[in-house]
Amino acid sequence: MRARPRRDEVAFALLLVALALLSLWQTLVIPVSPIYARVGPTAFPWIASVGLLVFSLVLLVQALRGGLPGLERPRAPDWRSLGWVGAGLAANAVLITTLGFVFAAVALFACTARGFGSTRPLRDALIGAVVGLAAFLGFARLLGVNIGAGVLEGLL
Amino acid sequence: METLALLSGGFATALTPQNLLFAFAGCFLGTAVGVLPGIGPALAVALLLPITFKVPAASAFILFAGVYYGAMYGGSTTSILLNTPGESATIITALEGFQMAKRGRAGPALATAAIGSFVAGTIATGALTFFAPVVVELALKLGPAEYFSLMVIAFVAVSAVLGSSAVRGLAMLFLGLLLGIVGVDLQTGQPRFTFGLIELLDGIEVTIVAVGLFAVAETLHLASRHRYGEDELLPLSGSLWLTREDFARSWKAWLRGTFIGFPLGAIPAGGAELPTFFSYYVERRLSPRPEEFGRGAIEGVAGPEAANNASAAGVLMPMLTLGLPTSVTAAIMLSAFQSYGIQPGPLLFQNQSDLVWSMIASLYIGNVMLLVLNLPLIGLWVRVLRIPRPQLYGGILVFATIGAYGVANSVIDLAVMYAVGVFGMLMKRYDFPVAPVVIGMILGPLAEQSFRQAMTISQGDATAFLTRPISAVFLAIAAALILAPPLIRAVQAARRRA
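From first to last, the protein sequence lines are chains A and B. First residue of the first sequence? That's 1 in this note's numbering, and the numbers climb one at a time after it. First residue of the second sequence? That's 1 in this note's numbering, and the numbers climb one at a time after it.
Don't read these hints as lab results, they were simulated from the structure. We treat Cβ as the ideally placed atom computed from N, Cα and C, and that holds for glycine. Any given hint could be a false lead.
Simulated coverage check for chain A against chain B, where a stretch passes if three residues somewhere in it have a Cβ under 8 Å from a Cβ of chain B [unchecked claim]:
#, segment
1, 52 to 66
2, 91 to 102
3, 123 to 130
Using the sequences and the hints, build the whole thing.
This is how it looks when you write it as structure tokens:
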């Protein structure tokens with residue numbers, strides 16, 4: 001009754017193995033001074049890296065031998081919806097350094113809302129502007145978080 | 001009696017107008033994030049971490065404590081009216097609570113949840129008040145080796161005991177430990193895991209990882225399943241008063257839930273889920289009407305709701321007395337201590353006595369505020385639940401952006417948050433638990449510190465962890481936590497075959 005391994009599960013397990021190897025490499029390049037040779041800065045990274053390697057290899061074996069145990073077959077992702085949210089996140093990163101936080105928030109808000117099925121982009125953009133402004137004022141004034149100076153933020 | 005004097009000193013600090021305002025803001029925000037599905041107290045506290053640069057430590061922790069307790073109250077509203085648990089700790093509430101709501105008894109379900117939360121929260125806070133100083137006395141006798149072994153128990157408990165698979169949990173724990181290593185080693189000054197990047201010398205910001213995992217990952221996960229539809233919101237039905245019969249059936253469940261929740265929360269076995277499951281099981285066993293369970297038995301709401309609030313107070317016990325967080329929110333609060341330069345651990349009660357006691361006092365105050373917020377004002381939260389999903393998730397991502405970008409105005413931070421978010425989405429898809437990552441990342445550096453201190457004392461002899469008796473007992477408990485479940489399963493399987 002061994003099922004065929006599912007490619008996406010194997011890929012995720014491989015990603016974890018790769019992360020473990022990456023951290024093993026980084027552990028090896030930590031310079032060790034002879035004074036600390038015994039319980040120096042590398043002891044803990046070794047434990048953590050080897051630990052991740054062992055368990056990610058177990059996961060890889062599980063994935064190859066018919067799938068991760070106790071996992072329902074995940075349904076195909078909704079790429080349309082994910083695409084809209086992804087586009088919003090990308091626009092956010094681009095706009096935040098150029099036009100400033102509030103414009104970035106408008107783009108992010110409108111795209112995300114669209115991804116979750118909203119069909120009124122203009123209204124969403126308006127709500128996004130209000131949410132962005134309120135969040136900006138709240139965090140900048142009350143919490144003292146500096147969220148950069150954009151076109152609009154400079155005026156406030 | 002000394003405890004009472006310290007507690008009244010705490011009340012004096014907590015009752016100043018400014019701190020009452022912080023407590024109220026915390027309770028309000030906490031209930032809101034508890035009500036809103038998909039976000040929780042961990043995200044809220046992570047987003048509020050910058051406040052540590054602005055206000056005194058006591059006010060910040062009063063705020064955080066309010067958020068923490070508030071989410072436990074708010075989560076039940078969502079479970080009852082939407083059947084989507086607002087919090088992982090209210091999954092069980094959804095079982096009976098949603099059934100009650102479907103039968104037009106949403107009011108009594110909400111009432112027993114809120115009053116039960118209040119009763120349990122208050123009793124458990126009392127237990128915290130009187131047991132914490134005792135635990136501190138004991139904790140002061142522990143050396144670094146014992147501390148390290150105690151942290152091993154906490155690590156094992158959050159990764160191997162909870163969740164569906166010990167392998168997946170432990171893999172995530174080690175990943176979290178690795179994230180905690182990034183940055184300059186505090187003892188030798190050597191950069192570790194920085195890939196030569198200056199931005200990584202200070203380590204990875206907790207806020208960025210927490211917001212990535214709790215806001216971005218959640219939103220991406222829900223987007224990836226968007227086409228599979230939404231849940232329906234049930235109307236608020238039935239009187240908010242408990243009938244005599246409801247009350248008679250509830251009060252014993254509240255007390256039992258409290259006595260299950262507090263100890264289970266206090267031992268470093270992590271989280272509020274376990275006690276709610278246990279309480280539900282006990283109520284079903286003890287009920288004279290077990291056939292009602294699954295069809296809206298009020299005890300099935302009263303018990304678990306009391307248990308999750310009591311365990312919330314319980315979790316604060318190891319957090320405040322040992323510096324040992326066993327839930328994600330507690331871990332993020334611990335990083336707030338560090339942001340104030342306060343060393344968490346048993347010395348906290350001596351060095352920061354005023355801070356600790358005003359926080360504990362604010363828990364009593366918060367419970368009263370929350371009872372008012374969640375019963376007479378329940379209509380407000382029902383309206384919050386009506387926020388349409390598209391706009392809700394848009395807003396969550398905007399706040400997430402502030403959390404990450406506000407740290408240093410760096411697009412790299414934003415990119416790290418996105419990367420963590422995508423990884424977190426995959427974790428959800430393949431059912432990997434999130435808590436071990438966050439707890440490993442925050443507790444890892446402290447564990448390493450104890451580990452190296454112990455190794456220095458023993459002059460590099462690793463057997464010290466096993467030859468010191470208390471440490472050996474702790475490690476044996478940790479080993480039992482890992483080995484017992486598969487062994488029990490194997491024995492059961494063998495019996496079935498025989």
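Next item on the list: State whether the coverage of the segment 123 to 130 of chain A by chain B holds or is violated, taking the criterion as 3 or more residues with Cβ-Cβ distances under 8 Å.
Entry: holds (count 3)
Checklist line | Coverage of the segment 52 to 66 of chain A by chain B, judged on three or more residues with CB within 8 Å | finding: holds (count 6)
Note to self: If you count the residues of the segment 91 to 102 of chain A with a beta-carbon closer than 8 Å to a beta-carbon of chain B, do you get 3 or more?
What the structure shows: holds (count 5)
In terms of the numbered hints stated before, the structure departs from none.
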